[in-house]
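Asks: Listed below, chain by chain, are the residues.
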Amino acid sequence: MSRKSYSRHIPDFRLVTHYAESRTSLVHRINPWTKAVLLVFVILFVIIIQDPYLLAILLVATVAFYAAARLPLTLLLGWYSLPVFFVLTLAVLFVFSEPGRQLASFTLLGTRIALTENGALLVVNLLMRALAAVTFSLAFFMTTRYTNIAVIASKSLPKPLDNIFLLSYRFTFETSDEVADVLDAMRSRSGGLVKGVSRQTKMFAGIIGLAFVHAFERAERIAKAMEARGFTGTFPMTEKIPRMSYGDYALIGLVALALAIVAYSRYFNNLIGW
Amino acid sequence: MAHVHLEDGSFTLFWVLIWSALAAGLVSIALYRQGRGQIPTRKLAIASMCVAVGFAAFQIEIPVFGGVHLNLTPLMGILVGPALGSLSVLTINVFSAAIGHGGWSMIGANTLVNMVEVFLGFYAYRFLRGYAKVERFYSGFGAAAIALTVSALVAVLIVSVSEIQGSTQTRAQTMANMLVLAIANIVMGLFEGVVTGYIVSFLGKVRPDLIGESAPARTEGIEDRLEVAADV
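If you read the sequences in order, they're chains A and B. Residue 231 in the working numbering sits at position 231 of the first sequence, with consecutive numbering throughout. Residue 1216 in the working numbering sits at position 216 of the second sequence, with consecutive numbering throughout.
This is chain A alone, in the form it adopts within the complex (with noise of 0.2 Å):
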């Protein structure tokens, strides 16, 4: 946790880690399953969903799942930077041609675009879309400790990407630090990425083949140290999640019911006026 992120619109996975594994808020202690599920259902709501007016009650619900686990909600919008630039990255190509009613236009190079309804829609649309997924993904994995993250994945996916997931998982934590250490030792003798094409590509080249080379190196050690263990192609589990309550159970069921009426209502019949 001393360690600070080195990009400021990517969620620092150091930091996520501590406020899962210090935090005791009421979010923290939901079963882990079941908001593993309720993040499929989120998924699925923000594909599903088309109505703007419900989009915005999904992305309220998952802004108050998120602040009831007491969660800072400046990081959160810190780090919506990186979604929202997605978002307007993709829109910007779409938003000045699709037909509708003219909100706004302008000439540029003699040619006149014009901001629409649909337009607008368009990118509100597609904004929120994106909060509610990535708002609710954050809280999952703000408030699931690392034990219970490694259950559901050694649980899910298949041999061995979860053993890759797990390992990786470990040694991103090492690996980003290294990175963060060269960047740090870079900028401490006034250097930056900034410094011409040539020198730039060079000095990124010889950042990141040193990362790989002692990347390389540390797996071959951990290799040799796991096989020296015993390591048999499965992690032990140190700990196992509690089964679901009545009440994980009563939750999932309410929002599957509210997930079939929303799919129901889009492709069988229009149940709320869309």
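These are calculated hints, taken from the structure and not from any lab test. Treat the hints with care, as some may be off.
Derived SDA-like pairs: lysine to any residue, alpha-carbon spacing no greater than 25 Å straight-line [what the hints assert, rightly or not]:
1. B:LYS1043 with B:PHE1095
2. B:LYS1205 with A:GLY206
3. B:LYS1043 with A:MET203
4. A:LYS202 with B:THR1149
5. B:LYS1043 with A:MET226
6. B:LYS1205 with A:ARG218
7. B:LYS1043 with A:PHE173
8. A:LYS202 with B:GLU1213
9. B:LYS1043 with A:GLU178
10. A:LYS224 with B:ARG1033
Following the hints, complete the assembly by docking chain B onto the known chain A.
Replies: Below, chain B alone, put in the same frame as chain A:
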């Protein structure tokens, strides 16, 4: 850089299922090629380290054009091969989805795009270096540039076929719009090609065994040892 930077809800459920099923099929082949789950511990550790470094490299923001990052997927293909590389990129996509770098429902589509990069990176490098006997830098550059150019077009194809949910534009219009992004990705791919070329040259000097070349015999100090042996 060439992956589908789309968030959840951009595709309809039908296309999410199609791309996920295709990716699952290819991942199953990769798993089969790796020995039906019985992967050697060394390979397991190397694949995991590749994921960790790849994910760390994702996070290094180069402050140009508002902030860009590299994929290093062709390099991963060169280093660990197409099967293990495919499993690695799938894991990177899962990590990325967890933090909003592409949606959960985009894991299938992104894995397909990244698998193209891994496959072409591996085979193009092998051809250029092994058969055409091109220098390490140009082999690395060529392999990454080819892989990323093709994958940028595959990404455009995936988005165009699937169409953006909520958009009224046709597939042809979507493709025309996405081509702008593809051109940007191809330019970035050339930059990544140069980076890959430098990394491959660097690895060739310090650990040639990592890029499938035999390490030179260690001869440092051999004269001293021969002299000592003669004295004895």
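Asks: Hint compliance check: list the failing hint numbers for this structure, sorted ascending.
Replies: 3
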